[in-house]
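Taking the hints into account, I'd like the entire structure generated from these sequences.
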Amino acid sequence: MVDHGPTVPFGNVQDIDGNAKEPRRLPRWRELRAVVPGRPRLSRARRVADAADIADLRLLARRRAPHMVFDYVDGAAEGELSMARSVEAFRRVEFSPRVLRDVSQAPTAVEILGRRIAMPVVLGPTGFTRMMHREGERAVARAAERAGVPYTLSTMGTTTAAAVAAAAPGGWNWFQLYVVRDRARNLETLALAREAGMDVLVVTVDVPVAGARLRDVRHGLTVPPSLRWRSALQALRHPAWWFDFLTSEPLRFATVEGAPDDLAGLTNLMFDPSVTMADLEWIRSAWQGRLLVKGVQRVDDAKDLTALGVDGLVVSNHGGRQLDRAATPLELLPQVVAAVGDRTEVFLDGGVRNGADVAAAVALGARACFIGRAYLYGLMAGGEAGVRRALDLLRAELVRTLQLLGAGGIDGLTPDMVHIRA
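Note that the numbering used here has the sequence shown beginning at 6, numbered continuously upward.
Bear in mind the hints are in silico, worked out from the structure with no lab data behind them.
Take the hints with a grain of salt, since some may be wrong.
Here are the in silico distance ranges between beta carbons for each label pair [what the hints assert, rightly or not]:
| no. | residue 1 | residue 2 | range |
| --- | --- | --- | --- |
| 1 | LEU31 | SER101 | 49 to 59 Å |
| 2 | ASP284 | VAL104 | 49 to 59 Å |
| 3 | THR419 | GLU83 | 14 to 24 Å |
The C-beta atom is built at its ideal place from N, Cα and C for all residues, glycine as well.
Structure representation (structure tokens):
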């Protein structure tokens, strides 16, 4: 017999119609303890671990980092229309699930560029990563290694290729290249990447000149950040970030040296607006590993690059950070896949904030999705633990979406499961 505790007749024992009401009882302490809140979870680590989605990590990042640092990650070019449209395209995805399918298992592993990875996600290249958190690229590489997905070190990174390889020796570490004016420096950079064991090169081709990132202009952002009057006031509201920054190794570009303070000036000084297909052919001849081209925004360019013999294309508008009003990657993806998907691997970059976004892109033909802001929010919020949380969330969302779609696993995704609403 179950003991429900002492029953005490208090309050009304009959309803307005004179019917007997369920008797009330005094709750036991252990029952109260189960519903009364415990100690508040005030630690940053606890808040990161409790984040329910990437949007939660974004809010935590916004609270921890100074506005100029957060806005460098969160912002985009000019009116930020390209970025907004990239995210909105995923919001317009409508799924058509199959029912009565066995979805007890939902494997997420896929093969890209001849190698198996745990899920169709690549951590894309981002510049100035130690500005977001003192652990920077090392933390991101370690989190990627743990999750079984590739990490791409940027030319504009703040950690050397050798240091990334040492931090994540078991990870699949890639390198991203901007073609700079000094061709000899390009060759030196490629040699360092190869020495570090990096066997995939991602050449970004959508930055002939710097985009106008107006949030950075308004903040007067420099690298490293400087304590102007506005940022000095921010320091008072974000002491943890400033303490980490001021007590860490000085922020510098690990590959590019002698750069000016302003970001746009750096881009326009270093990068070459005269780069053409001939230069890409030269890089193809100089690089012995796999070669991806990132920044494809037209079908005819996709065809030309495929004819050149690249191993993959990344449909991308640079996260909306270059040309505003550029093509929306998710909308362009099916056209590129139809044109060249049987001859080269096609990836998507831009707007991915959820595992369901990854499922939608793969269903429409992408081999995998590059993510940038999604993991940087985690990095700003909590270092390596934050990046791990971002990847764990994406994988859990992906698995759940695969099951609810009736796909069972990644291999069960088909284009008819996804419709992009007008």
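Hint check against the structure, violated hint numbers in rising order: Number 3 - this is the single hint that the structure violates.
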